[in-house]
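Given chain E, work out where chain A should sit, using these hints.
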Amino acid sequence: MKVHEYQAKEILKKFGVAVPPGKAAFSVEEAVSAAYGIGGSGWVVKAQIHAGGRGKGGGVRVAKTLEEVRHIASQMLGMKLVTHQTGPEGKIVKRLLVEQVVAIARELYVGVTLDRASSRNVVMASTEGGVEIEKVAAETPGKILREPVERTAGFHAFQARTLAFALGLSGDALKNCVKFLSALTTAYEAMDCSLAEINPLVITKDGAVLALDAKINFDDNALERHPELNLLRDLGEEDPLEVEASKSNLNYIKLEGNVGCMVNGAGLAMGTMDIIKLAGGEPANFLDVGGGASAETVESGFKIILADPHVKAVLINIFGGIVRCDRVATGVVEAARKVKVEVPIVVRLAGTNAEIAQDILKNSGLNFLVAGSLKEAAARVTQAIREPVGA
Amino acid sequence: MSILVGKSTRLVVQGVTGGEGTFHTKQMLDYGTNVVAGVTPGKGGTDYAGNEKDKFKRDVPVFNTVADAVRKTQANASVIFVPALFAADAILEAGSAGIGLIVCITEGVPTRDMLRVYDFVRSKEIRLIGPNCPGIISPGLCKVGIMPGFIHRKGRVGVISRSGTLTYEAVWQLTERGIGQSTCIGIGGDPVIGTQFIDALELFNQDPGTDAVIMIGEIGGTSEEEAAAFIKKNVRKPVVGFIAGRTAPPGRRMGHAGAIIAGGKGTAQEKMAAMRAAGIHVVESPAMIGETMEKVLRRKGLIRSLPARKKPAPARKKAAPLRRKGARSRKKR
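Line by line, the protein sequences are chains E and A.
For the first sequence, position 341 (counting from the first letter as 1) is numbered 341 according to my numbering, and the numbering increases by one without interruption.
For the second sequence, position 291 (counting from the first letter as 1) is numbered 291 according to my numbering, and the numbering increases by one without interruption.
Next up, chain E with everything else stripped away, as it sits in the complex:
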């Protein structure tokens, strides 16, 4: 799960991570009163969307007077912000963060995430702050310093010092950085994060160390332990079809292609998407219906897939292990009758009672393209894309 920058900063602050004085605003008036309340001689108005690269798209602007805050906030709220992470359709700005301007001396990078290769969390730091860290990692990996969070021993002050010295810090900045890194790592672990990234981390002219930006992702598997995070979920940032799917316990991700698919199991779902691509189509979605593919799940799956106007064909691929294929077939027939599907549907059911299932589909009077093997399913998909509807 992702949260907005202002929410991330509120969480981090509770763990002693230093952030600039700031306040969230949902209207122009709120933005002005936030700036007035924070005080200081200048403010930064930041668009709050779940995507990076906001600065370049005009989503981060500096105001010197309250009037400028008003002007910028009125322009920013409701604007369509396009960044390299939002895609060309962009995102509508509905929330702002107003922060005091800080006197930046240096911009650095720090982050905590899981290092899967060593099955440990790792604290990363770099002098290359404010730029895309993926780029730094790819082009100059030596510029990213790493200290492991030991699984049982944890992350210790000497490791924070090692990183702070390596970043070239001294005096107050060094002390503050050590404190910052320890607090950030504590927050990451306590809140079951999968990523806590501060880019840039700024050193101010008077030696303060502050999170100028903050990005936190949470481990979805641990959300049950942090019920307070539920309130931070911004459904406006999520694809409406994905929100709908999650209500029916379906794991759905919308993609750009023309062939919808419905599969049981995440690995087989990805494999099925690969097959669609090899067959000459582009997957329109990822959809894992999970272990029990009942008539209800198939029906909601159909509805969600077909709500996407780009879908020209659907491939259903169920490997019936514990789930019986004949039951799935009955579900598919029932659902197809109810939902009124107007695109070709390729159905491939294998495993338990697969033959009975194929008969059910063939005798349904509906126009299914039935396949036995995966290979056959691929061929049927190619056929379905080429031939017009109802052929």
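Take these hints with a grain of salt, some might be off.
What the hints assert, rightly or not - Example chain E residues on the side facing chain A (calculated, C-beta under 7 angstroms, incomplete):
{"hint": "1", "residue": "Val-131"}
{"hint": "2", "residue": "Thr-152"}
{"hint": "3", "residue": "Asp-219"}
{"hint": "4", "residue": "Asn-264"}
Said to hold, decoys possible - Calculated pairs, SDA-like style, for lysine to any residue (alpha carbon to alpha carbon, straight line, at most 25 angstroms):
{"hint": "5", "chain 1": "E", "residue 1": "Lys-80", "chain 2": "A", "residue 2": "Pro-249"}
{"hint": "6", "chain 1": "A", "residue 1": "Lys-233", "chain 2": "A", "residue 2": "Thr-267"}
{"hint": "7", "chain 1": "E", "residue 1": "Lys-135", "chain 2": "A", "residue 2": "Lys-233"}
Please keep in mind that the hints were generated in silico from the structure rather than gathered at the bench.
Beta carbons: idealized from backbone N, C-alpha and C, even for Gly.
Coordinates of chain A only, in the frame set by chain E:
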């Protein structure tokens, strides 16, 4: 022959009286797995024979703790069906009771919990499989997990996979061709897991009952690349590989917590390239796994009962070094 589970496996089911636990205990008993005990705290001292829906073919004694189960029944392996937030506790309990093989089926275990049990498991030399996995099966001998038993066939191909149903797909393609499996392991789709590809490959490499291996990976992480390097260095048995998710977009979690392309790393293309460079027979489509394994086995003379198909000269040339070493491993037997 097989690895990790077989006729000497004495299984305790943690969470035996729950819905999932009951259903799959019945399936495992029906398959012939020696389920010696179940554990449900508070229900110790009773015998459990399933519920109305899933009746066991015989009673399974239930204990309050895994330690009790081990003491009374000499259980040596456990399978875990407890809810996600209790899975780490169940793993620690089994390990503390002296269980050597722990298979955690539970899906949705927080990463922090897995990091917490990781060192404990390693320090005690416990073999943990999973979490979030279908389990492990040695066809005809023993099934510890939730995979459908009937799709398997006893034989000499090992299967390792990060996914569930995709593994069933691959196994089914083999079985339909008459190619049996020695052992099939689902290692799980989470970012932190007990048994990695390399661990399983090492066991298959040493197993005289395994001639060849199928390795099914997916996007995210670098464990396939590490496995490829290990294979290049150590494994002389032929390996057929597939990576799911070449069409997956970066930054999106594809169902499994571990299946995510982060920071541009962990793409299917990178993994396939690393595997090809290690001499693995990588297939582009999951529909080709069984067919490719059959070809490889024929080329190496490991399917002898059926007449060999045509042998294209260039392919033969390429396979020559593997062939020699394959022949040596056969002699050992």
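Here's how the hints hold up against the structure:
Proximity of E:Val-131 to chain A is violated relative to the hint, the smallest CB-CB distance being about 14 angstroms (cut-off 7 angstroms). Annotation: interface hint on E:Thr-152 holds; nearest CB of chain A at approximately 5 angstroms, less than 7 angstroms. With a cut of 7 angstroms, the hint placing E:Asp-219 at the interface with chain A holds, because the nearest CB-to-CB distance is about 5 angstroms. For the restraint placing E:Asn-264 at the interface with chain A, the shortest Cβ-Cβ distance is roughly 6 angstroms, inside the 7 angstroms limit, so the hint holds.
About 23 angstroms separates the Cα atoms of E:Lys-80 and A:Pro-249, which keeps this hinted pair within 25 angstroms; it holds. A C-alpha spacing of about 23 angstroms is found between A:Lys-233 and A:Thr-267, which places the hinted pair at or below 25 angstroms, so the restraint holds. Pair hint E:Lys-135 plus A:Lys-233 does not hold up; C-alpha atoms about 31 angstroms apart against a cutoff of 25 angstroms.
In the structure shown, a violation is registered for the earlier hints numbered 1, 7, in ascending order.
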